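Q: This is what each chain is made of:
Protein chains: 4
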Amino acid sequence: MDIGFIGLGSMGQAMALNALKAGHTVRVWNRSRDATKQLAEQGATVVDTAAEAFVGEAVFSMLADDAALRAVLIDGGVLQQAQKGVIHVNMATISIALCDELVALHQQHGVAYVAAPVLGRPDVAAAAKLNIVAAGDDEAINRVQPVFDAIGQKTWRVGSKPQHANVFKLAANFMLAAAIETTSEAASLMSGYDIDPHAFLDVITNTLFPGPVYQGYGRMIADHRYEPALFKAKLGLKDVRLALAAAETVNVALPVASVVRDNLIEVLAHGDGDKDFAVLGRVAARRAGRAV
Amino acid sequence: MDIGFIGLGSMGQAMALNALKAGHTVRVWNRSRDATKQLAEQGATVVDTAAEAFVGEAVFSMLADDAALRAVLIDGGVLQQAQKGVIHVNMATISIALCDELVALHQQHGVAYVAAPVLGRPDVAAAAKLNIVAAGDDEAINRVQPVFDAIGQKTWRVGSKPQHANVFKLAANFMLAAAIETTSEAASLMSGYDIDPHAFLDVITNTLFPGPVYQGYGRMIADHRYEPALFKAKLGLKDVRLALAAAETVNVALPVASVVRDNLIEVLAHGDGDKDFAVLGRVAARRAGRAV
Amino acid sequence: MDIGFIGLGSMGQAMALNALKAGHTVRVWNRSRDATKQLAEQGATVVDTAAEAFVGEAVFSMLADDAALRAVLIDGGVLQQAQKGVIHVNMATISIALCDELVALHQQHGVAYVAAPVLGRPDVAAAAKLNIVAAGDDEAINRVQPVFDAIGQKTWRVGSKPQHANVFKLAANFMLAAAIETTSEAASLMSGYDIDPHAFLDVITNTLFPGPVYQGYGRMIADHRYEPALFKAKLGLKDVRLALAAAETVNVALPVASVVRDNLIEVLAHGDGDKDFAVLGRVAARRAGRAV
Amino acid sequence: MDIGFIGLGSMGQAMALNALKAGHTVRVWNRSRDATKQLAEQGATVVDTAAEAFVGEAVFSMLADDAALRAVLIDGGVLQQAQKGVIHVNMATISIALCDELVALHQQHGVAYVAAPVLGRPDVAAAAKLNIVAAGDDEAINRVQPVFDAIGQKTWRVGSKPQHANVFKLAANFMLAAAIETTSEAASLMSGYDIDPHAFLDVITNTLFPGPVYQGYGRMIADHRYEPALFKAKLGLKDVRLALAAAETVNVALPVASVVRDNLIEVLAHGDGDKDFAVLGRVAARRAGRAV
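Chains as they are written, first to last, in our numbering: chain L, -8 to 283; chain E, -8 to 283; chain C, -8 to 283; chain Z, -8 to 283.
Treat the hints as calculated values from the structure; they're not laboratory data. Among the hints, a few may not be true.
Pairs involving identical chains hold if they fit within one copy or between any two copies, as the list cannot separate such chains.
Taking lysine-lysine and the DSBU-like style, the derived pairs with C-alpha atoms no more than 30 Å apart in a straight line are [unchecked claim]:
#1 K120 / K229
#2 K152 / K229
#3 K225 / K152
#4 K75 / K152
From a predicted model like this one, the values you see are computed outputs, not experimental measurements.
Next comes chain L alone, as it looks inside the complex (with noise of 0.2 Å):
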């Protein structure tokens, strides 16, 4: 396919190269032009506006947050010189509020919307082994599978109103999230007791739990190790702000979601927004009266 790819932080870095290796034609813009020497040695086309990058079958976006999507796409007039026909897939985890505003935009100015955001970390994406939660346009899904398959394990697809799908992102991050607070709960009734957490994730993992989350950010909470950070805890500060948007706006209340909430908010408080989401087992260490 000839495709655009905007936004290459690391994640869409990754993405793009994926699809550049399996042979796609892919034009590439960032807002910093470093990101792209990679991929231009790679064989992209970099392109100096992110309007030029919306030419051809499909253009897909990877852009930080709410607030550098809306720079990028309404502010700065991209849809309005996007090329008619075009298809966009954003595969980044936004608001439902902005998703909804850009289905209307897009619908207005002529370009297909795909949602299409993504289950995995970079470590993940540079093994083209995300999973991808689509929602749009059943066609215009199937015209962008190919490059979906290049960066994807698989393709799942959760209806044609593309809100679906950032609804599924916003809740399984949430879930996560739960997850790694949860653990770091338990790992310090562990340590209180003066057991090693690792002997109980070890049981855990191997009975009840199973699954990467358990396992990886349970690992990191029992070595005390935050860094690197695969997942910053300021950005899953963020998804958790949006899932409970997400549901506050149909009345639905996420209880545990607020004192996960609460407790990243400590996880800023001391400096550690950019330690990986891991650093929750800090909070609970640190509440419990122990060295962290």
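For chain L, the structure is supplied; the task is to place chains E, C and Z on it using the hints.
A: Here is chains E, C and Z on its own, set in the frame of chain L:
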């Protein structure tokens, strides 16, 4: 081995039966004699008092809660009459405070004490697939290992201090409760957006959260089906309460457990205490104003 | 003084009326003209646009929320057209973020900005008994003090940074929300023991907690009477949300506010958003399984 | 009257002293005899056993907690030996469960039981300004009213069921705890914006929240001064725990109490249990990353 088994609820019966099937000689006692019938048919000897079960090489107990255990062992004078040298293996989920009290009393009466709570519900017990978390004197555990092998799929030895096995069990059940609550909240969020929770669970249990907890309880929540109860909500509340007490003893707060506790109280207030633990899904739905 | 007044809800009307009665010249504007009728009868000049109110010595605004203020002042271009040197006194409860944005915009357009949110509901406003929390340039506050004296019983000057007055107001409303929630929970506990909550409130408000909040809201909760709404629950939720956002900006968690927010969302989910803030009492009762 | 008084901590001593001063004949007992010295000098008769105090018209008790009361009255056999017809007035804050147990035991032993917990700290007790919340047999309360008049400013009769007085007291202390926590959070928000919390408290306690609680605890929080402890945090935690247990018994959740409990556990984890209840302010400050 020549063993006793007291406390024949659905868990205890299944466990005693598997010990019998493996060729062990089993003396059984239960407060209500009905529960001994099937075991007698399979070759168990039914005794009239709990004290008569406290002879032979070891006696296993699976009584309902702290109060039942206290009534039988302490107030009932069983420990005083127990054969010196017998090993008592307590497989029930009890408070840390009672565990510590029992350790002292057993020592005083010359009875070895092993704490060996199990992970798994009655169906798992019937299949002899329990995970046994054992702590206590190593030699005593070695001696009863053949019975553990008959009733469980794996024994996790977590130290010489019986207390530790109970801390593991309470922490595991706290994490279970938190996972059910989190899934309930996420399912409620889905319903708020008119998304079928089954679709969301399909993604989540095939990506971030594989394993029996999110799958099994998740399905019950998505189905709004809370019967039959494999793990009753009121027993779940009991365990969360014990986890909170265990944590408070060592000055550890478990904020997520506090949230779950409050919601489980709502379960009881609405007469759903005998429903399955998954009925937390109903609380989330009720709070969001949906018919449940 | 020669003043304008925009935003004539029940609070704004009462305040503008008291300014009129005290002899000030008042130009009034409201989006829906109906609200200006009574004021016109009392001698106010009704103007057609908000911009026309931004002349004279000062203009007071009491618009509903951030969105309304943004629509009129910023998007509506009123600030650009405002007479240089006029003092804008914003008496509404708004977000800290918008306050900061307004400070910068006012400076740019040569309009003095005073933040002066008020404590008190419409009945208090009508009685000219409001407490006014004012922050901004001291000289500007001095000049508008005569109007404050006409509409309030006391002006609390809390510094030169307008932001500070809004932080005070949001913290006050958070404390109000917490007191209502706490009273609701205590009343629910009383009902659980078949004790009349009125008896409990009688003791508590004559000992530990005198004053209007526990007495007034307490009586509504004990009476299960949530109408007429003097302070609507949905506006209470708005303020709690603003308090949480203000706190998050400076990395402060407000765990009690999180709890109240979750319960207020339940209020809205059950269609009670237009009931009085005291309707938190209904949430506590519902969760405890009592007909409400 | 001819009375006994057992349990002479700082509260008990002050109360017994005021009874003496009012002309009553007082027999006193305390586990540690030191505490009886000042009372003896003022004319009290010191007895060697608690049982010797259970004679005359009435005996008042102010023991530390459930355990102390159980040790003396039940395990110590005092109730069995008590003079028939004596009235026992228990002024301590105890659990509802123990209260109910005591009601039954007193009836069995022919001793009238009045529950009469008090609102007020040692300074208030010394000034004979306590508020007494009394429940039990009306005639029995009538007979001890002269002593109540000597030690309190007002007696609130809340029914014939002793339990009810304890529910009132626990609910009152829960509301106290919630107010301290809320004030702590608000003060932390102020600090986050570099606002002196004293200024905020000045406004709040002169408008929405007059009265001793917000003023007294508020000042300690704003001063970061948590000693001397008029009401120790660890005793506050005890009361919150009793309130939660009382509520759970009747299937009522107290979500705000859960939050306060978690923060009080943090107080103990940091070695501040003997500081004043206001030390919740330190928890809020610590969580927000400020030196405390």
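Q: Hint by hint, say whether it matches the structure.
A: Going down the list of hints, with the structure as the test:
no. : hint        : in the structure
1   : K120 / K229 : within (24 Å within a copy, 41 Å between copies)
2   : K152 / K229 : both (23 Å within a copy, 28 Å between copies)
3   : K225 / K152 : both (29 Å within a copy, 29 Å between copies)
4   : K75 / K152  : within (21 Å within a copy, 49 Å between copies)
Consistency note: the structure conflicts with none of the earlier hints.
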